[in-house]
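Single-letter residue listing:
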Amino acid sequence: MVEAVLDGLLRVLQPDALLYMLLGVFIGFWVGILPGIGGVTTLALMLPFVYGMEPVQAFAFLLGMHSVVATTGDLTSILFGIPGEGLSAALVLDGHAMAKKGEAGRALGANLMSSLVGALVGAAALALAIPVVRPLVLSFGSPELFMLTVMGIAFIASLSGRGARGLARGAAAGALGLLLSAVGQDPQAGILRYTFGQLYLWGGIDLVPAVVGFFAIPEILDLMVRRSSIAASGPTGKLVGVWEGVKDCFRHLGLTLRCSVIGAFIGIMPGLGGGVAQWMSYGHAVQSAKTAEERERFGKGDVRGVLGPGAANNSKEGGALIPTVAFGVPGSSAMAVLLGGFFLTGLVPGPDMLTKHLPVTYSMVWTLALANVVTVALCFPLLPYLARLTTIRATRLAPFLLLLVFVGAYTANNSWGDIVVALLFGALGYAMLRFRWPRAPLVLGLVLGDLAERYLWISVARYGWDWLGRPGVVVLAGLTLAVLVYPFLQEWRERRATQLLHREVAHAD
Amino acid sequence: MRTEGKDRLGEVLFAAFLVAVGAGAVLYTGSWPVKAALYPRVVGSALVLASLACCVLAALDRGEKRAAPVELELGSDLPAPVVRARTLESLGWIGGFLVAGWLVGLIPAMVLLVLAYLRWVGRESWWFTGMFTVGTWAVLEGFMVRLLHLPIPTGVLASLAAR
Amino acid sequence: MRRRVLVAAGILCVLSLASGAGLAQAPFAGKTVTMLVGNPPGGGYDRLARVVARHLGRHLPGNPTVVVQNMPGAAGIVAANHLYHVARPDGLTLGLFNQNMVFGQLLQVEGLRVDMRKWQWVGSLTRETDVFVIRADLPYRHILDLRRADPPLAIGATGPGSGSYDFPLVLKAFLKLNVRIVSGYRGRSDIMLAIERKELDGVAGSWSSLVSFVRRGLVRPLVKTPSENPELKDVPSDVDLVSEPTAKAVLQLHAVPNRIGRPFVLPPGVPGELVRAYRQAFRSLADDPAFRQEAERLGFEVVYTPAEAVLRVVEEVLNSPPGVVRVFKSFFRFGE
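Chains as they are written, first to last, in the numbering used here: chain C, 234 to 742; chain L, 741 to 903; chain X, 120 to 455.
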């Protein structure tokens, strides 16, 4: 196996493979930043060019492009509050809040560093998992996937506000998200649920325009009203630097690594999809706060809220490659396009990739790692200038932000319906911000609700009620309970501690 | 800490609206088979209960422990009437942009927006405005349409004219 | 001074006339043809569209650039409606949709505002076959063995309206197979993974989407819709397995769109000479060795079906006897 690893590395370091990788990185850089050009669509566009290439070169190009998109897509999330590359909305919560406090540089630095860590962990996961990938993926059936989605939903408790009112708001937001995910054609009986005759809603509410509108439109509106600049809420003058962010990543290295692992793991499970990884790691980051006081800082610019999703966003790509390579089953929509790349270069994804063509597989691992290192190296000098974008007068930025949002929404599916959805969710997001309702639970419900429902019915149809006794299910149920109860436990412990403290003070008098 | 009067009313109404949405969703599942109806009924009922709780708590203004908002608030030190006026004006800009986009296509609408907004709201010089307008048009038309062939709507009026 | 202006004007006139004449000979010169696909990027239809787009330009007079645009939604209905009613009939937009859309019209699906007969069909480059496969390690070798399957096989599906749901449903009913349909998977990939996991025992789908799994040895095809594909010659065809006439007719009806393959259309209103240019281009594209090789690598069976034949198939479907349609409707819906 070690020979295969080294062989893979040598193949990537060939001049033409390297050149293709750099080309891919260059293209991917712009794809991530600019609206309207999605990573998946661009992959599909670039695919025909690899016909006839050697596999290593082809994947150096494709993977080089793909792995960069995740990193640069994060930039607009942090700087402008516009979720880049579709689903990286979790980053907006704390990342953009930091930008508003004048800490854009720090957020960018932290994000870039954690993206690198995440990508490396993802690549390492891919490399290490290769011997055990089959039993690993195969042990997670629909019942286990159901429990995983339920666990994700349980994070809503931590992401709600404090106190009875906060919890009620969080629960309502989550329930609304869960309900909205039911829109569309139902997968059991084929009934069109809540579509009200609209063809556009057959497939349900498209997450991308919804999330983009939900987070970005209130921010842009706010900007247009304030007319100052994005970073106006922070201490005037100095912008906190990029290096601070890099140091943050290492200060919280444990968290970053854990979230990378979460991302890679969820990437390996093809049944879960892109949004889940970053929200689960965001939820985990929130829960890593040691006191309830600390937990409150999330959503307002805590760097840990940037590290978690930043890492997970990149590590999940390495994870998603695993089922694609090992089973010929794409782990994400980008991977579905990548499969075409296999066919065009004459490879057959499946067990052969783990035996006969092992060096090619490892060359993909190395490409992932190297492409990300190159991206980080290239982006770093740009960060301070990017951070300064947050000091530009709002009136100069606003039209372009509107462009990013609406053109991006339209070109995703060539549809005005997406613009309407973005507007409606924008209105909803604005209302929720005004009334201090937490927005994260709604997105969580929207992303996870459909999945939970599907896996529940599949599990029941396939196993009757026996699946409740499966060991994986029991373990995950226990974890879910822990996730749900944890915030209450924390608060109860704190209250006891302050009560004891008061009693001591009273006694001391 | 007591919440602002107007915000309180707004929240009560919003929560009440969600109660209606949840109840409506549950009722709407009336004739569906169980497999399609179970999930929406469960979740819709949860929405009704949770929103009802929010509604009641907001009306009574209770239970707001250390009332800290969950996210960074929409900040502003400007007086309320100014905020309201500007909000309406901004909504007008956004709405106008989209209507224009629908009529004449997103690219012309975008160019118009940049021109008008930079000049009249941003009070930029003609030179600055002109430069940005031309630059925007170049990027949109040259890059997105000519090079990348992105699907950008050309407007209802244009397709009517072609028929 | 005036003379110079006159000369300039004269030159301009001549130039514009010349370019006009040039245009008549190469109508697509310098233009971009948009291929509208009613499916999202990454799937089978998208892959086919892109490989055709890569090679089609060479065969059209004037060698235009051909670009693919995805417009997913409602199993292709959104794109079909758009091409039919909204897109300019100037011959620069070509459409590729769900081959089953003719059933959408037959079943009078709400929202479909297109008469399939009024399309200006260009033709089809591929032919499809539907197959029903089971896990290779299961002991059943012939489809009728599944009558005695114990425990009943779990067949994965995405939802009513998709081939993975409707086809097994009708096979189960007509052939009395002991199988259960487990619906709700998000897509083919999830189903294949579940098969690997042994959570599922089989699936139905198009041959081009399952071929790589069959070749790899994961699944074995047990029944197919009628096809001349040599790789499937030992697999019985569903029509041959039933004797009752209505059942036969329903299965034949189901298989009809496969004879269309993945059809390309132009909206009504496009000038006849442009339509003819496209048809000629497709005919020569089907013989293009570079195209054939690339398409076959992607798993497509390249078979050219001219426009007239496609239109005949459409008419055949829409003129089906009501008795057959009634039984058909009880099993098949139109969906993703």
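Heads up, some of the hints might be wrong.
[What the hints assert, rightly or not] Restricting the straight-line Cα-Cα distance to at most 27 Å, the calculated cross-link-like pairs of lysine-lysine (DSS-like) are:
| no. | chain 1 | residue 1 | chain 2 | residue 2 |
| --- | --- | --- | --- | --- |
| 1 | X | K291 | X | K317 |
| 2 | X | K448 | X | K291 |
| 3 | X | K352 | X | K295 |
| 4 | X | K237 | X | K150 |
| 5 | X | K291 | C | K589 |
| 6 | X | K352 | X | K291 |
| 7 | X | K317 | L | K775 |
| 8 | C | K533 | C | K523 |
| 9 | X | K367 | X | K317 |
| 10 | X | K352 | X | K367 |
| 11 | C | K533 | L | K746 |
| 12 | X | K237 | X | K448 |
| 13 | X | K317 | X | K295 |
| 14 | X | K237 | X | K291 |
| 15 | L | K775 | X | K291 |
| 16 | X | K367 | X | K295 |
| 17 | X | K448 | L | K775 |
| 18 | L | K775 | X | K237 |
Read the hints as simulated data drawn from the structure, not as lab findings.
Each hint, compared with the structure:
1. Under the criterion of a C-alpha separation no larger than 27 Å, the hint pairing X:K291 with X:K317 is consistent with the structure, at around 21 Å.
2. Between X:K448 and X:K291 the CA atoms are separated by roughly 16 Å; this keeps the pair inside 27 Å, and the hint holds.
3. A C-alpha spacing of about 24 Å is found between X:K352 and X:K295, which places the hinted pair at or below 27 Å, so the restraint holds.
4. Between X:K237 and X:K150, the direct Cα distance comes to roughly 26 Å. Compliance with the 27 Å bound is thereby established for this hinted pair.
5. Straight-line distance between C-alpha atoms of X:K291 and C:K589 comes to about 40 Å, which puts the hinted pair past the 27 Å bound.
6. About 22 Å separates the Cα atoms of X:K352 and X:K291, which keeps this hinted pair within 27 Å; it holds.
7. Using a Cα cut-off of 27 Å, the hinted pair X:K317 and L:K775 holds, with the two alpha carbons roughly 24 Å apart.
8. For the suggested pair C:K533 and C:K523, the alpha carbons sit about 17 Å apart, so the restraint of at most 27 Å is met.
9. Pair hint X:K367 plus X:K317 does not hold up; C-alpha atoms about 32 Å apart against a cutoff of 27 Å.
10. Proximity of X:K352 to X:K367 is assessed by CA-CA distance (about 20 Å); at most 27 Å being required, the pair is judged to hold.
11. For the proposed pair C:K533 and L:K746, the alpha carbon gap of about 24 Å is at most 27 Å, so the pair holds.
12. Distance hint between X:K237 and X:K448 is fulfilled; the C-alpha atoms sit about 24 Å from each other, no more than 27 Å.
13. For the hint pairing X:K317 with X:K295, the CA-to-CA distance comes to about 23 Å; that is within 27 Å, so the pair holds.
14. For the suggested pair X:K237 and X:K291, the alpha carbons sit about 36 Å apart, so the restraint of at most 27 Å is broken.
15. Our distance criterion of 27 Å between C-alpha atoms is met by L:K775 and X:K291, whose separation comes to about 21 Å.
16. For the proposed pair X:K367 and X:K295, the alpha carbon gap of about 15 Å is at most 27 Å, so the pair holds.
17. Our distance criterion of 27 Å between C-alpha atoms is met by X:K448 and L:K775, whose separation comes to about 21 Å.
18. For the proposed pair L:K775 and X:K237, the alpha carbon gap of about 39 Å is over 27 Å, so the pair is violated.
When each numbered hint is compared with the structure, violations occur for hints 5, 9, 14, 18.
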